[in-house]
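Participant: Position chains Y and S relative to chain E; hints supplied.
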Amino acid sequence: HLDQHMEGKLFVLQLAVWSLRGVARVILANNPLSGALILAALYWASPWQGLLGTLGVLASTLTAVIIGQDSAEVSAGLHGFNGMLVSLLMGVFSSAGDWYWWLLLPVCFGHVHCFGLSPLLDRWDLPVAVFPFNIVIVLYLLCTGPNNPYYPHHLATPPGALELNATQLDTAEVVRGIPLGVGQIYACGALGPSLIILGAVLLYSPLMALHALLGSAAGTLAGLSMAVRHASLYSGLSGFNGALGCMGVGGLFFTFSWRTHLFAIASAFLSAYADIALSNLLGSVGLPACSWAATLMVTLMLLLTGQSLAAYRIPIGQVKA
Amino acid sequence: HLDQHMEGKLFVLQLAVWSLRGVARVILANNPLSGALILAALYWASPWQGLLGTLGVLASTLTAVIIGQDSAEVSAGLHGFNGMLVSLLMGVFSSAGDWYWWLLLPVCFGHVHCFGLSPLLDRWDLPVAVFPFNIVIVLYLLCTGPNNPYYPHHLATPPGALELNATQLDTAEVVRGIPLGVGQIYACGALGPSLIILGAVLLYSPLMALHALLGSAAGTLAGLSMAVRHASLYSGLSGFNGALGCMGVGGLFFTFSWRTHLFAIASAFLSAYADIALSNLLGSVGLPACSWAATLMVTLMLLLTGQSLAAYRIPIGQVKA
Amino acid sequence: HLDQHMEGKLFVLQLAVWSLRGVARVILANNPLSGALILAALYWASPWQGLLGTLGVLASTLTAVIIGQDSAEVSAGLHGFNGMLVSLLMGVFSSAGDWYWWLLLPVCFGHVHCFGLSPLLDRWDLPVAVFPFNIVIVLYLLCTGPNNPYYPHHLATPPGALELNATQLDTAEVVRGIPLGVGQIYACGALGPSLIILGAVLLYSPLMALHALLGSAAGTLAGLSMAVRHASLYSGLSGFNGALGCMGVGGLFFTFSWRTHLFAIASAFLSAYADIALSNLLGSVGLPACSWAATLMVTLMLLLTGQSLAAYRIPIGQVKA
Numbered sequence: 044h045l046d047q048h049m050e051g052k053l054f055v056l057q058l059a060v061w062s063l064r065g066v067a068r069v070i071l072a073n074n075p076l077s078g079a080l081i082l083a084a085l086y087w088a089s090p091w092q093g094l095l096g097t098l099g100v101l102a103s104t105l106t107a108v109i110i111g112q113d114s115a116e117v118s119a120g121l122h123g124f125n126g127m128l129v130s131l132l133m134g135v136f137s138s139a140g141d142w143y144w145w146l147l148l149p150v151c152f153g154h155v156h157c158f159g160l161s162p163l164l165d166r167w168d169l170p171v172a173v174f175p176f177n178i179v180i181v182l183y184l185l186c187t188g189p190n191n192p193y194y195p196h197h198l199a200t201p202p203g204a205l206e207l208n209a210t211q212l213d214t215a216e217v218v219r220g221i222p223l224g225v226g227q228i229y230a231c232g233a234l235g236p237s238l239i240i241l242g243a244v245l246l247y248s249p250l251m252a253l254h255a256l257l258g259s260a261a262g263t264l265a266g267l268s269m270a271v272r273h274a275s276l277y278s279g280l281s282g283f284n285g286a287l288g289c290m291g292v293g294g295l296f297f298t299f300s301w302r303t304h305l306f307a308i309a310s311a312f313l314s315a316y317a318d319i320a321l322s323n324l325l326g327s328v329g330l331p332a333c334s335w336a337a338t339l340m341v342t343l344m345l346l347l348t349g350q351s352l353a354a355y356r357i358p359i360g361q362v363k364a
Numbered sequence: 044h045l046d047q048h049m050e051g052k053l054f055v056l057q058l059a060v061w062s063l064r065g066v067a068r069v070i071l072a073n074n075p076l077s078g079a080l081i082l083a084a085l086y087w088a089s090p091w092q093g094l095l096g097t098l099g100v101l102a103s104t105l106t107a108v109i110i111g112q113d114s115a116e117v118s119a120g121l122h123g124f125n126g127m128l129v130s131l132l133m134g135v136f137s138s139a140g141d142w143y144w145w146l147l148l149p150v151c152f153g154h155v156h157c158f159g160l161s162p163l164l165d166r167w168d169l170p171v172a173v174f175p176f177n178i179v180i181v182l183y184l185l186c187t188g189p190n191n192p193y194y195p196h197h198l199a200t201p202p203g204a205l206e207l208n209a210t211q212l213d214t215a216e217v218v219r220g221i222p223l224g225v226g227q228i229y230a231c232g233a234l235g236p237s238l239i240i241l242g243a244v245l246l247y248s249p250l251m252a253l254h255a256l257l258g259s260a261a262g263t264l265a266g267l268s269m270a271v272r273h274a275s276l277y278s279g280l281s282g283f284n285g286a287l288g289c290m291g292v293g294g295l296f297f298t299f300s301w302r303t304h305l306f307a308i309a310s311a312f313l314s315a316y317a318d319i320a321l322s323n324l325l326g327s328v329g330l331p332a333c334s335w336a337a338t339l340m341v342t343l344m345l346l347l348t349g350q351s352l353a354a355y356r357i358p359i360g361q362v363k364a
Numbered sequence: 044h045l046d047q048h049m050e051g052k053l054f055v056l057q058l059a060v061w062s063l064r065g066v067a068r069v070i071l072a073n074n075p076l077s078g079a080l081i082l083a084a085l086y087w088a089s090p091w092q093g094l095l096g097t098l099g100v101l102a103s104t105l106t107a108v109i110i111g112q113d114s115a116e117v118s119a120g121l122h123g124f125n126g127m128l129v130s131l132l133m134g135v136f137s138s139a140g141d142w143y144w145w146l147l148l149p150v151c152f153g154h155v156h157c158f159g160l161s162p163l164l165d166r167w168d169l170p171v172a173v174f175p176f177n178i179v180i181v182l183y184l185l186c187t188g189p190n191n192p193y194y195p196h197h198l199a200t201p202p203g204a205l206e207l208n209a210t211q212l213d214t215a216e217v218v219r220g221i222p223l224g225v226g227q228i229y230a231c232g233a234l235g236p237s238l239i240i241l242g243a244v245l246l247y248s249p250l251m252a253l254h255a256l257l258g259s260a261a262g263t264l265a266g267l268s269m270a271v272r273h274a275s276l277y278s279g280l281s282g283f284n285g286a287l288g289c290m291g292v293g294g295l296f297f298t299f300s301w302r303t304h305l306f307a308i309a310s311a312f313l314s315a316y317a318d319i320a321l322s323n324l325l326g327s328v329g330l331p332a333c334s335w336a337a338t339l340m341v342t343l344m345l346l347l348t349g350q351s352l353a354a355y356r357i358p359i360g361q362v363k364a
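Residue numbers (my numbering), protein chains in the order written: chain E, 44 to 364; chain Y, 44 to 364; chain S, 44 to 364.
Note that these hints are calculated values from the structure, not bench results. It should be emphasised that the depicted structure is a prediction, and the values quoted were computed from it without experimental measurement. Even for Gly, the Cβ is constructed at its ideal location relative to N, Cα and C. Any given hint could turn out to be false.
[Stated by the list, open to error] For the chain E half of the interface with chain S, some residues (derived, Cβ under 8 Å), not all of them:
{"id": "1", "residue": "L182"}
{"id": "2", "residue": "T187"}
{"id": "3", "residue": "N191"}
{"id": "4", "residue": "Y193"}
[What the hints assert, rightly or not] Which chain E residues face chain Y? A few, computed with CB under 10 Å, are given here:
{"id": "5", "residue": "A199"}
{"id": "6", "residue": "G242"}
{"id": "7", "residue": "S268"}
{"id": "8", "residue": "M269"}
[Claimed, not checked] Every beta carbon over 10 Å from chain S, so not counted as near; a handful from chain E, in silico:
{"id": "9", "residue": "Q57"}
{"id": "10", "residue": "S89"}
{"id": "11", "residue": "A115"}
{"id": "12", "residue": "W144"}
{"id": "13", "residue": "T200"}
{"id": "14", "residue": "E206"}
{"id": "15", "residue": "L253"}
{"id": "16", "residue": "A270"}
{"id": "17", "residue": "V328"}
Bound-form chain E, shown alone:
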């Protein structure tokens, strides 16, 4: 394994591998190579966002080392991905423009909130997932607000908001939104980098990549059925919760079978609908719904212990990724 090879090397190299694993963890993969590909895609989409993501994952992993978290968890990248997502979304919502260096301050310290939640969820045999990220980014956006003199940010628009100059729906754009939905997991809205991120998932597990695309398509369908804003469909924001919900059930926490495959698609639709609902609710005070919907839905699916699904459930300790 890569980890054993690394043991003798310098701490800096080890930290890099842990962090790359952390980058890949966001998309439920556990592979430093996938992480490197994704990071490259982020730098391609926007060097500033790439820098923020790198700093976020490094700072978060370092903090975990310093406060003495379990070293197996740290080396598996479990303490990096929440910090990275927090950093990326701080950058996306900031209205101060790129290369606003003061943003590095919250990026380096914002993730500290993340460390208290794991023991709570462990008791229920549930994964921590991106709960900490979702909580921290909502707190950050609430703290600063649109008029903050130091860290101003955009308000999120609810997907159900009325469009005044609504035009005909462009099918090509909607289809383009499906791979973009995979990129939006990293808050990345460009097509090329999104395809590279999809490639990184493919590298880790083709089954996962299939579920990601299926989930994003299901999310887009859900968005169409609820007549959300066109911008929401075109940018892939409608799809990314579906993609996460589908990947979590279909490729990670349950062994594959036709039954779990159907559940994965159901999970994608439910995640997407829940995302529309939460986005409308939080959008009324200008907050984004982030990935609350997919995180909650996968957690609910894991709590499902009906006879038909329990047999396929992989215990948390043995989850491959």
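Facilitator: Then chains Y and S, alone, in the frame of chain E:
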């Protein structure tokens, strides 16, 4: 028992009995006859609402059979009542008028969210109650919103909203609101059907019917003390959370004694006040508070393990209803 | 001990001691003398607020005796402090002026909601803390609203609200806000009484008093870094969540060491930032954030079981205070 008699019969008949039990479960009864009476009352009040309720309870029970939920629970009607309530409230809040056939689509699929919550609550020895219904209906209303082209709905008015042309309070109407509060558990606002629903409770247990009326009266008093909108008092909406809170504590989860009787009345008042608070909060974004207040309050009461009440607590496995 | 000396005395005297302990409990102390000092400070700041606080703690302790809560807990004052805080905040937010006698009605009955939460939290080895107070006061304010004919109240202003006529920040006022932050734990905004309250903490434990001041200072710094309203800094409202968060970690639930000291300061900052976020969120519907932030943050800190902190954790049963 009725169930044994049924075993040899056709599956359709069995399903009908399970569903009728599911109908009665909403009001904490476990009796297919009560369920049939209630369904008849709903058809009397509005055939469209009756149809929606029937479809909701059938679809929900069928789904439970298909995904392989515990068969004892299915035959006790435990997987039908949430689906029924979701359907009824979808119909009540829809602003597209009666016989809007597209509504059958969400009615048949909306209840799928309901199945993940039971294992979570089982671990705390708590009943699932109507938590799933409350969550699903809020998500549905958030998803669609008042301007949705397919499923438009009314906004809920908070009970604390100012009345511009307030008139003198009509005592007769307020008294009429007390039995209506029992009917409002099924989103039914007509006096005749409400009395039949009360009769269905009486058939199952006179003690429960007494607590339902007492609770509804307590809820109306709470509404008066907080000067809520007159419409809220007249329609029975002030009373139904009180009724549910009173029945849950007084007749179902605790054995009867003067002490639990007093607690039931306290629970009715607390449920009613909590309902006013939640309705004002959720009403500020146009959402109804459904039966969140009573559900939370009965759950809190069940968590009360002070010496005086624990002795009267009936373990969840042995709850009669 | 004081308790043994009391055993033979009258019930009224015992109740007084239990209630004084309850008063001191708010600030995490367990000492009737501290309680007496604090109550005197409240009467000095405002006789009406003092009366409300006295009534609240007495009614709450009496209810606990009547419904048969554990007598060791009652005599330790654990059932008084939530009732007291509810009463104090009802008084502060009431816009009907002092000596509005109808307010005594909710003061005497409002605390009843508080009794269901302890068993829930006990299962996780967590303290009940002020969760019940926070829930009840939010419900009360939601029930009544600003236009209620019987119990009108002020709307809370979010700290991130724009100030139209903003002036230069006054450093002396900001420094004065630090001790006021300790007084604000009892909703007391006058300097003299705040210093007496600080003295009451000093009497119980100098370490705790130090942490209270440090935490309040950290909260004020957090407020400055987010550019909150000047009024929020001057009145000590920015500091009191920091003070509570710092005291909980630094002096109560963990044994003292340099590591827990650093964590206490981190907790103070995190509590303060979370408080700004929650105040902005709840402020958008006119609600105060009370001490939600500090309560949640200390609970999170207690859930932290990383190797470095678990060793310092004091089991709930043995918490001195």
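Participant: Of the hints stated earlier, which fail here?
Facilitator: 5, 6, 17
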